[in-house]
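Engineer: Sequence:
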Amino acid sequence: MSVKIRLSRAGAKKRPYYHIVVADSRDPRDGRFIEKVGTYNPMLPAEHEDRVRLKEERLQHWLSKGAQPTDRVARFLGKAGLAPMPVFHEQPKKSAPKKKAQERAAAAAAASETASEEAAA
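Residue numbers (the UniProt record's numbering): 1 to 121.
Bear in mind the hints are in silico, worked out from the structure with no lab data behind them. Worth double-checking, as some hints may not be accurate.
[To be verified] Label pairs and their calculated CB-CB ranges: (1) A106 / H48: 15 to 23 Å; (2) S116 / E57: 55 to 63 Å; (3) P92 / S64: 28 to 36 Å; (4) E49 / A101: 39 to 47 Å; (5) S116 / K93: 41 to 49 Å; (6) A109 / D30: 33 to 41 Å; (7) K14 / A96: 28 to 36 Å; (8) A101 / P45: 34 to 42 Å; (9) A119 / P45: 19 to 27 Å; (10) E56 / Y17: 14 to 22 Å; (11) A101 / S64: 20 to 28 Å; (12) D71 / E117: 20 to 28 Å; (13) R104 / G31: 45 to 53 Å.
The model shown is predicted, which means the values in this text are computed figures rather than measured ones. Just so you know, even glycine gets a beta-carbon here, dropped at the ideal spot from N, CA and C.
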């Protein structure tokens, strides 16, 4: 049985609220879980102290047992200092501009640079 630490949605329509739970990976998102170890309220501002609440002792216990956090929960744990901060790349390589588009952008930048130098002189 693989155990995950993940979000389980609660709250009303258009008013999300999430419980951070330890659950069997085969169970549905909002279904059965083993233990509730925190909460996440995305409606609060990012700097608000109640936005993410974690039961640190229980999370350490489950991490030591081999529970795997999902990407979002891993970010919460990284900010709280309970686990190493995961590495997230801002832009996937697939969606990066291709070779011709990069060449056009470089040419446009060079042209605008020359035009600004001529206007300054």
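Engineer: Now tell me, hint by hint, if it's right for this structure.
Structural biologist: Here is how each hint holds up against the structure:
Remark: the range hint 15 to 23 Å for A106 to H48 is contradicted by a beta-carbon distance near 43 Å. Take S116 and E57: their Cβ atoms lie about 59 Å apart, and the range 55 to 63 Å holds. Our hint of 28 to 36 Å for P92 and S64 holds, since their Cβ atoms are close to 33 Å apart. For the pair E49 and A101, the supplied restraint of 39 to 47 Å holds, since their beta-carbon distance comes to about 44 Å.
At about 32 Å, the CB distance of S116 to K93 disagrees with the hint of 41 to 49 Å. Checking the proposed 33 to 41 Å range against A109 and D30 shows it is violated: the Cβ atoms sit about 49 Å from each other. At roughly 34 Å, the beta carbons of K14 and A96 sit within the given window of 28 to 36 Å. Our hint of 34 to 42 Å for A101 and P45 holds, since their Cβ atoms are close to 37 Å apart.
Taking 19 to 27 Å as the suggested C-beta distance range, the pair A119 and P45 does not conform, at roughly 43 Å. Range check, E56 to Y17: Cβ separation about 21 Å, and the 14 to 22 Å hint holds. Between A101 and S64 the C-beta distance comes to about 48 Å, which lies outside the given range of 20 to 28 Å. Roughly 45 Å separates the CB atoms of D71 and E117, a value that falls outside the hinted 20 to 28 Å.
Restraint check, R104 to G31: a C-beta distance of roughly 50 Å satisfies the suggested window 45 to 53 Å.
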